[in-house]
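Protein chains: 2
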Amino acid sequence: MNDNTPLFLRALQGLPVDRPPVWIMRQAGRYLPDFMTLKNKYDFFTRCQTPELATEITLMPIKQIGLDAAIIFSDILVIPQAMGVNVEMKNNFGPFIEFPVRKKSDVLGLNTSNVEEKLDYVFRAVKMTKKELPEHIPLIGFAGSPWTILCYMVQGSGSKTFDIAKSFCFENPELAHMLLEKITHITIEYLKKKIEAGVDAVQIFDSWGGVLSHTDYNIFSFPYIKKINDALKALKPIIIYPKGCWHAINSYSKIGASGLGIDWSCSARNARYLSGNNITLQGNMDPSRLFSPKNELIKLTKEMLNEFGNQKYIANLGHGILPNTPVDNVKVFVDTIKSFSND
Amino acid sequence: MNDNTPLFLRALQGLPVDRPPVWIMRQAGRYLPDFMTLKNKYDFFTRCQTPELATEITLMPIKQIGLDAAIIFSDILVIPQAMGVNVEMKNNFGPFIEFPVRKKSDVLGLNTSNVEEKLDYVFRAVKMTKKELPEHIPLIGFAGSPWTILCYMVQGSGSKTFDIAKSFCFENPELAHMLLEKITHITIEYLKKKIEAGVDAVQIFDSWGGVLSHTDYNIFSFPYIKKINDALKALKPIIIYPKGCWHAINSYSKIGASGLGIDWSCSARNARYLSGNNITLQGNMDPSRLFSPKNELIKLTKEMLNEFGNQKYIANLGHGILPNTPVDNVKVFVDTIKSFSND
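Residue numbers (the numbering used here), protein chains in the order written: chain W, 581 to 923; chain F, 581 to 923.
Extracted from the complex, chain W is given alone in its bound form (with noise of 0.2 Å):
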């Protein structure tokens, strides 16, 4: 890489800058009202599966609120759909799946071809949205670890728990593998196409890791995310997420994934002791800070600064940005951190 490289992808390779960058987790959506004015136009499939908007949705907060990295609008959702799930996103409810995968006549039935046909509209709109970015925002794509897919498949709706999922998974563990193996498959074919397309960098989101034991999620979540990584780490950067997983810590941080992040249950000191220093940190403010006063905002701010510091560290929220968040907090948040220097 040479000087030209962008600010988010030389922290994210453990080159030395000047500051940390920025970007939060759903930062395309939600807190925006232009976003909620698209929001009330289109439904949300129809905001993913169409390229002209999926893009303006990716920039808006490029340009509004001035972000060092883009995430392509879209879902972790897709892939279930492209095997043949019929998903539904339901007002004031999320997610749901009427028929839920729970028997093993409905993993065989998941069809796990034609990725590149399905899900053609993705790609399109990581293509259109790279060309609209300034070059010095690289783009990042994402995708639902096998674990977190299998949490919607097999409980058919968000959950507290997703003591429906595990159940499936601690009845018969063979079938739960091999839902995995199905979901792991296709999401690397998935992932490997938004790379060619264009993204910069790839986040893998196990955001209910940590509805399993430190004992399980080795079993039903690690080993997947590790395959994913180890068939994409040559091609681009990747960044894991796995939420509420403190004890996985370790073990991400010797795969030789190039960024990992950290919720606010888990204090920088702890994850930087855990991650040996090996690998580079992202988070970790807890996303209702956001709606703290001003002053205490900024102080809380330049405190998570402090104790990640300015080198291998992305700053960003420690989970997705909330609905209702205050706009002018969002940009205190990200001014602070574009402000900063702690040499």
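Some clues are possibly wrong.
Chain copies aren't distinguished; within one or between two, either way the pair holds.
Taking lysine to aspartate or glutamate and the EDC-like style, the derived pairs with C-alpha atoms no more than 16 Å apart in a straight line are [claimed, not checked]:
id, residue 1, residue 2
1, Lys711, Asp780
2, Lys879, Glu751
3, Lys874, Glu751
4, Lys918, Asp598
5, Lys670, Asp810
6, Lys874, Asp700
Just so you know, the hints here were simulated from the structure itself, not pulled from any lab data.
Chain W is fixed; fit chain F onto it per the hints.
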């Protein structure tokens, strides 16, 4: 304490035992057919508020499963009710508060007096249960942590993130602390009366401590639990269960509580390390693991026992037992513990 001290209390006091005692969070209900019969006959708060029913339900798992401690059938939300908040328990939804606490006037309007009268039905249930219980089976009383009670009172229902409750605290910390003080005050009064009525130990459920960051936990949850513990620890042994708060294990091991509940995200080894082996640990099987085939469940239970060791340990799940858990598997779990010896 003399040699007649029941096994559960011996373990909780750190006295030598031949095997670890076992009880199960939410053991009185859900998975037991006789409980489901009562559930179909009487609504939730009728069951809580009728001492005869609460006693019958509390004794059910002692007679049918053979656990080493009973826990009084009740709910953490009797506290907001006693403060004048109308809490409904909706089928297939959980707790619902039509008028949640959001403004200063709401907080000021909460009434923390007359606990003895308002929660008289709990104290009568405790007395009645104590009369029926065999002498070697202690009775556990409980309350929610002030933070967890605030979560419900402000959010108005269950939630994955308790974002409204958190924003309330972060936008107006003074008001949040005023509310937490009020809850702490009434909770101490309530637990004192429960101890007077006859409970042998008290568990504080901080079921939603895990939604806070490690720093915010020390602002909004830990100090209030410590205050309750300080007020009661000379009276009866206290168990603190801070779900998802591995970062607080070390602090809790130093405040003179008797027991600390561990969830399944934290290994026994980590929990022993973080607590400096200063305190009896309780936990931590994933409730979903009770859906495993029997041989697997026996193997996992033995692993848990070997990892925690048989001293200063109370076997339990890492959270409440799930509805639909096979009763036979509950027996397998309990019997494996009761026949355990790692000497």
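Legend entry - Intra/inter-copy verdict for Lys879 and Glu751 if alpha-carbon distance must be at most 16 Å: So Lys879 and Glu751 pass the 16 Å test across copies only (14 Å; inside, 48 Å).
Inset, instruction - Check Lys918 against Asp598 for me: Cα-Cα at most 16 Å, and say if that holds within a copy, between copies, both or neither. - result: So Lys918 and Asp598 pass the 16 Å test inside one copy only (10 Å; across, 60 Å).
Legend entry - Intra- versus inter-copy proximity for Glu751 and Lys874 (alpha-carbon distance at most 16 Å): Intra 49 Å, inter 10 Å, cutoff 16 Å: inter-copy only.
Inset, instruction - Tell me, please, which holds for Lys874 and Asp700 at an alpha-carbon limit of 16 Å: within, between, both or neither? - result: neither (42 Å within a copy, 46 Å between copies)
Legend entry - Alpha-carbon proximity between Lys670 and Asp810, which holds within one copy, between copies, both or neither at 16 Å: neither (35 Å within a copy, 47 Å between copies)
Inset, instruction - Evaluate Lys711 and Asp780 at a C-alpha cut-off of 16 Å and name the case that applies: within, between, both or neither. - result: This pair counts as within: shortest intra-copy Cα distance 13 Å, inter-copy 69 Å.
In summary, the structure is inconsistent with hints 5, 6 from the numbered list given earlier, while agreeing with the others.
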